[in-house]
Structures are given as structure tokens and as C-alpha cells.
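2 protein chains.
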Amino acid sequence: MTATNTTEPFVVIGGDAAGLSAASKLKREAPHRDAIVFEKGSWVSYAHCGTPYFVKGDVETLTDLLSLSPSDIRDRGIDLRRNHEVIAVSPMEQTVTVRGPDGEKIHQSYGDLLVATGARALSEPISGSQLDGVFTLHGLDSAANVRAFLSDPAEFTVESLGGDGYVDEATATRYGAMTPPETVAIVGGGYVGIEMAEAFSAWELDVHLFQRSDHVLPPFGTAVAERVEPHLDEQGVTLHLGTEVAEFSGEDGRVDSLACSNGTELAVDAALVGIGIRPNVQLAAETAVTLGDSGAIAIDEYGRTSVDHVYAAGDCAEMPHVVTGENTWVPLGLTANRAGRAIGQTVAGNPTPVGRIAGTAVVKAFDLECGRVGLTNLDRARDAGFDPVSETITAGSRSGYYPGVAETTVRLVADRKSGRLLGGSIVGGDRAAIRIDTLATALEGELSIEEVERLDLAYAPPFSPVWDPILVAAKVLNGQISS
Amino acid sequence: MTATNTTEPFVVIGGDAAGLSAASKLKREAPHRDAIVFEKGSWVSYAHCGTPYFVKGDVETLTDLLSLSPSDIRDRGIDLRRNHEVIAVSPMEQTVTVRGPDGEKIHQSYGDLLVATGARALSEPISGSQLDGVFTLHGLDSAANVRAFLSDPAEFTVESLGGDGYVDEATATRYGAMTPPETVAIVGGGYVGIEMAEAFSAWELDVHLFQRSDHVLPPFGTAVAERVEPHLDEQGVTLHLGTEVAEFSGEDGRVDSLACSNGTELAVDAALVGIGIRPNVQLAAETAVTLGDSGAIAIDEYGRTSVDHVYAAGDCAEMPHVVTGENTWVPLGLTANRAGRAIGQTVAGNPTPVGRIAGTAVVKAFDLECGRVGLTNLDRARDAGFDPVSETITAGSRSGYYPGVAETTVRLVADRKSGRLLGGSIVGGDRAAIRIDTLATALEGELSIEEVERLDLAYAPPFSPVWDPILVAAKVLNGQISS
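Chains as they are written, first to last, in the numbering used here: chain A, 1 to 483; chain B, 1 to 483.
Chain A extracted, bound-state conformation:
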């Protein structure tokens, strides 16, 4: 790797978590270096994970979801250029080509470059996804449009959405004027689908959730799904499991029905497609940056790509996994913030690893809290060279006699040979999700299941029984492995 030309700026492509964390950190550590952030859209630094709660109404305005305003960002000494799309990178010349808001082309040289282009929501291969009333939930504009659509036209104003003037007014106004939907189809039972089921139910819509596979929340495994599914049903959500939505149709450009591969048809007046996201890697791929097996950008422990002076972070990049050591693609908010910050520090001259991921994820499913971490899929664990064993238990979240005790299901996976904990999942109604942090920490410490069983975890009747559900699960799994 050649030495960085520190008289040239640090250029960042993408103005969200990873990109702005990196630029902010660089400006704190090395204020003399220029940092330029190109963002192709108009929104920057927003809390993507909060959008379902904005749609639901728990979060009042889009402004609440903005971590930093453009002026906050400029106050940090960052040269932020919104509505600037980087369309080419020349690693030989160390320049990027940018299309400005009026279509003009700008050439910008860089000393170091960070690709933080994020990910995009899939709506393919469902035909008719372009119809009005069919949404993905990726970005604040789609959140604005869904909420506008749900609102009473007599009371709706674009201003009520907040957003400091960045909302796409024309589209939001158009949705705000429509008759609100009464029946909505959610396509995809992942995080977004589950969170949006809660959001739409709060607006008293008739909610139908379609999941192609046999269970919702696939990364959480069936132990979690088997509790979430009846709970969704209790909440009035109609589940269509093992059902693939093939097509939306409608007249006058507005959705009015859907059809599934198995022949199911349903009249709907809105649809939310949350069938996954894909890393935005086209620009990087054209720059000869190596992609990993996942399709996201491959990086080393400092976030460096295969091309000199080009880093990648956030939803477009892979990260090394705590358990397997292999690069994996798990696009989540903390990863993006942490990797961006580490790269800012590295670029400032203080090499800092981007860290590892454990694949920690938590989601609220109405009144249930779900968490997962590490390797929970037995086939995947075998592929990684382990001999996985698992156990699932259900135990109280508090002392049995204390009000509010809730059944908490814990599934743990360990390697039979070494006894090492490989992963786990949790579901329950009382402080279940946050308990996954115990397992994430155990994975980082490479604890064996026997060591997990002996953890001195908290006990007080309002918060945990004598044997925390995690300890109960570890005891049972350790018993199975030792026997």
C-alpha cells in the first residue's frame, strides 16, 4: 500500500451512519485534513431503524429521526454536498467524478476514499411494485409517504411530517390526499415486516403478512418464530406462511389486489414490501474493488478494500464474524457507526480495527421481544466446521411469585467437541431482547457452554429468577454435551 497523500482530502461517498461517523472522527482527530461527503439524496444522518415507529406514530416527526442536521455536520468542519452522486472512481488518479444537483460533472481528488453507499430495498421480482400504494421502507421519503397515506386527508399537511424541508413534497401531498387504506399486505416477515405489522395495526388496518418460507423472522430461528406467530395472530394479524406474493395489480395506477404463486388472491389497498436489502456495490465493482462471497465489499480488519486508499463501511461492506472469523454481510446500524468511526481514526493516522460482528439483532414484535446472536443455524454452523448441538428451554423472566413474570424462551447452540458457545436466540415479553447482550459478550470472550452455565448473572425477584433463563438453557445444553 502506498503512503497516503495527506494534503488531499478524505472523500466519503454516502452521508449516513458509516460515512458521517468516519468524517466526524477524522475532523476531531486531524482537523487540518479536509473531509468531503457526497450524498446523492437530500437526507443525511437519519435513524433508519426508527422509520417503522414514525409510521406507527410513536415518533411524531421525521425531524426526530435526524441525528445530525446539515448545519451540525458543517459545524464539525465537514464539507457536506447533498444531491451529489458519485458516478465514477479512478483509483489510479485518486479522483472521483460527481454529478451535481444541476447535472454538472465535478472531478474531485482524494487522499483516502470511503465507500459508504449503503444498501437498497428489494421489491423485485414482484410485478406491479411500481403501483401507487406499494411501498418499501427504505429511507425517510418512503416513511413519509406511508404515513401521509395513512393520515386522514382532512387533517393531513406535509408540514406535520417534519423533516426540516427535505420531504419530497409532491409525493407526500399526493398520498396525503388519498383515501386512507383499510387493508394492507406486508410482504416479508423479517424485521421490517414485523415492525410494520405493529405500525399498521396501530392505525387499525386489517393487516395481512405474507412470508415465503414456513416461518417469520428466519434469522431468529423457529424457536423464536413459534412464539411470535401465535402472538401476531392474537394481535389480529393474518399470517400467510409459505406463501409467495407474485404480483400486485390495480386500476388507474393504484394497487387494489395481489396474487400469490399458490393461487391465493387478496384485495388490498396498500402493500409494504420488505423482502430484504442488497448492498449498493455497483460503483465499487466498477472500480475493481473485490467483493466477498456475500456480494458486499470485502474489507480487511481496518476496513480497507482491495484497492489502495479505498475503504468501505456500513451496509455495503462485509465484516469479520466473531465466531467463524470469516467475512459476513450483516448490515446493521451499530456496525456502520463503529466501522465508520474506526476508519476515520485510521485515516487520521491512528490505525484502528473496525471490530467484529456477532450478528446481534433484536426486534420488537408487538409485546414480544426477540433477540439472536452468532451461529444459530445448525447447517451454517456445520459449514463453518463445528459439530453443533442445541437446546431450547422456556423459563420465567422473574421469580415465579413476582408480578409480571413472563415466559422466556432461550435456544443455545454450542460445539460438541470444544464446548464453545456458537450462538443463541431469545424471545419473551419481559426484558428478553436485551438479554442477548449476555450471549454476544460470551461469544466475544469465546466462553464454553460450561462457563456460560457458571456465569454469575443478576438475581432479584423483579428482574430475574435465581437461575436466569440463559443459565437454565446453558445447564441443559451442557448436560447434553457432557453426557
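Heads up, some of the hints might be wrong.
Because identical chains cannot be distinguished in the list, a pair is counted as satisfied if it fits within a single copy or across any two copies.
Each computed SDA-like pair below joins lysine to any residue, with the alpha-carbon atoms no more than 20 Å apart [as the list claims (entries may be wrong)]:
| id | residue 1 | residue 2 |
| --- | --- | --- |
| 1 | 475 | 349 |
| 2 | 364 | 396 |
| 3 | 475 | 29 |
| 4 | 364 | 406 |
| 5 | 40 | 394 |
| 6 | 417 | 179 |
| 7 | 475 | 302 |
| 8 | 56 | 400 |
| 9 | 364 | 405 |
To be clear, the hints were calculated from the coordinates, so they are not data collected in a lab.
The hints should help you fit chain B onto chain A, whose structure is shown.
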């Protein structure tokens, strides 16, 4: 150590968590061996930590606090003898001398002996502690008496207390007939004092809490106390910090006032003394079992005392500390259950370590949740050979825009030289206490503060912000250590 005579029974002194866990485990693993449990009182296997919530009324009856009934215990094949006090142990002959319910003396031989004699509440050196209306809260009878005293005499019945007929009826009936107190003094601001402040407030008493040192909850440190104290004040509890209660007085044998060393006097009609507990080691000490520096019984990693075939576990015994490796006395419920279970397994022929403790403790203080773990006192950390550095931060428990976000204060302590995490404390109103498990796990894994900073902890707006308060604290402390 000489070989165990497995034709002789496993004898256990004390019928609570440690003793019954050991006997139960032995009977599961080696059903042919006899297990005899001598309990000097009439209560067995009860949830001590639940007593404040029984007094408060969150737990309806004493029966709810019983984990196992005497018949459950017998069903496990355990020979349970209530109201049998072991008054002497002869390790040479491997026998115990027991005083039965009618004063008769019984000699019982043992192959292995477990001393699980627990601890007792202190009320010394406060004079007048024997007056009616002055209580400690150690055991179900004191809980029964306090609740009887609080109850409306017109409605009170001994039966309403539950307890399967084991309540000391005469005393409970006497308290139940008294005019309920209006002003109560709690002496001692430890767990019991704080939990009982909540319990008495629920009965609408005027609650005064006296703490000899300058802050409540000393093991949790001032970062926690400084949030708990104003919260107690908001809840209407009058705090008397740095105030030592010296004397209770009263007429006709019933408390009506107290006097403090600093001259403060207060009219009270009830008092709860929670100034600490001491291990019950008299019997062991007479048996030439070695005590540790703490005054509790010293054990090895299998729970063996210095005397052949004599084990100790629970509130009367020390345990090795995860951070220092030294034996420490931290009497808590999980420790007792775990050590008892391990000893049962060892006695059954499968040697199992009793584990280590991290000093994990959590307590509910009205609407605040508090947790602590490891070495948090800097002087103690220095005594253990570390060069401790600490930082305290306050951050949100959830994303700032999500309803219910609560300020969460985290204090972390690490060793400057090695960077190793030594301990921490947490306080806040939203899922704060259970987060201590993350730190307990990090201590077990001997993680450095840098590794804690890089933990892949959970993030979802309803449960945690992008940077969990623990990560924020680790970042700040790591910054201080690295600089």
C-alpha cells in the same frame, strides 16, 4: 483426603437454598445414597429475596415464596428433619449431634457433611432492638409479623398470611391485633432497607431511612447512590444520611421513638433494622473448620472445607472472586443454589467446581433499577494489585426519539496497565439492572475495556440506542486509558 464411606449418608445442616440444592442433586445423581437434611427452624426452601415484596403486598401469601414444600422434598427421596438443630460435629468420628423438637439428642453418622447454616441479620449494637415493633427482615416469620402489623386489625387473620401452617401464629396474631404503624424508621440503606422503603411506602407510611455512611447502597458506589437518593426523596422517603441510630425506646415494651448518635430523635411506631448480615459459623468454628478473612467458612474450588468430608456452601461460606481469584464473602441466592448443586454432584462422585462469583447484585429502588458487579471500589481494586481507572457516563436506554427512553448511568472500572475490565455499576429507569449481566459476562471472559468497547451489543430503538450506555462508558474509559 480420605475416601468417603459411601454407605454412610450425606448429611446437610440447613434446609434452604444451598442445603436442599445439594441434597436434591445427590439424590438425582446417586439415588442409592441417603441424604438427611437437618433444619433447626420450621421453614425450608423459601425465597428470602421475595420477603420485601410479600410485605409490600405484591406477593399475596407466604406460600408463594416457598420453592419446595416438605412433601416435595420428601418426594425427592430426601430425609428432611425440621426443628432439628445440629449442636455439635465430630469430624473424627464423622458424626453430628442433633437436638430434636422435644429436646432429645440424636447422634447421626455421615459419609459427607455439608454446612449450609446461612447467615443471620444483625440488630446489634442498637439498644432496644428487642422492643415490639422493631424488626429485622430475615426469614419468613419476621416478614409475617411485619405484614400482620401493617394490616388492618379488623380484617387481619393469620390464615391470610398463607405459609402452609408454619407461621408462628402467636406472634403474628399479636401483631395483627395492634394498631398499624404510621411512621416507620428503616435503619440501613442496603438492599433490604431500599426494598423495604418501597414496601412501607406502598402501605402509605411516613418512611424515614437512616444510613450511617454518606450514601445509600454502599456496594453500588456513589454513581448509583447519587441517582437513588433524589429518587427516594421524590417518592416521599425522608433520608437521614450520615446518621447512626443508637437506641430505640418505648413504653410497655413497644417502640415509640429512636435516638441517633448525632442527637437526632424521632417518634416512630415501627422500625426495620437492615444493617447487614453475618455468616452463621459458630458450629463450624467449633469443629475446627478454617474460617476466611471475611469470617465466613473458607472453601476450595469444590466447596470442601479444611476438614475432611466437610463441605460448606451458601451464606455461611466464602467463594472465589472472578476478578481477584481470592475468596470473598458475598452471600446471595444464586451462589448458594449453584454451590449446593455442585457439591451434590461432587458428593455423588462427579467432582464439580462450585464456580466463582463476580459479586453481581441488582436491586429495585422504586422506579430505578440498580446493578453492580466486580471491583468497583478503587481502594479495593488497588489492594488487589490493580491500578484502577474509572469513568461514569449517562446515556439513553433507547433511541432518543423512542418513547420511554430513560437516562442510564454507567460507571466502569478498568486496570490502567492491562486494560482489563474490573467492574461496573449501572442505574436507570429502563432495563438498567439486567444490563449488568453483560459486564458479569465480560468479567468472566476477562475482556479488556477495548474489547468491551467493540462488543456487538443489541440495537433496536425500543431496547437500546445505537451505542448502548455500556459501549459509551467503555469508549470514554478506553479513551482515558489509551491517551
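### Message
Run through the hints listed earlier and report the numbers of any the structure violates, in increasing order.
### Response
5 and 6
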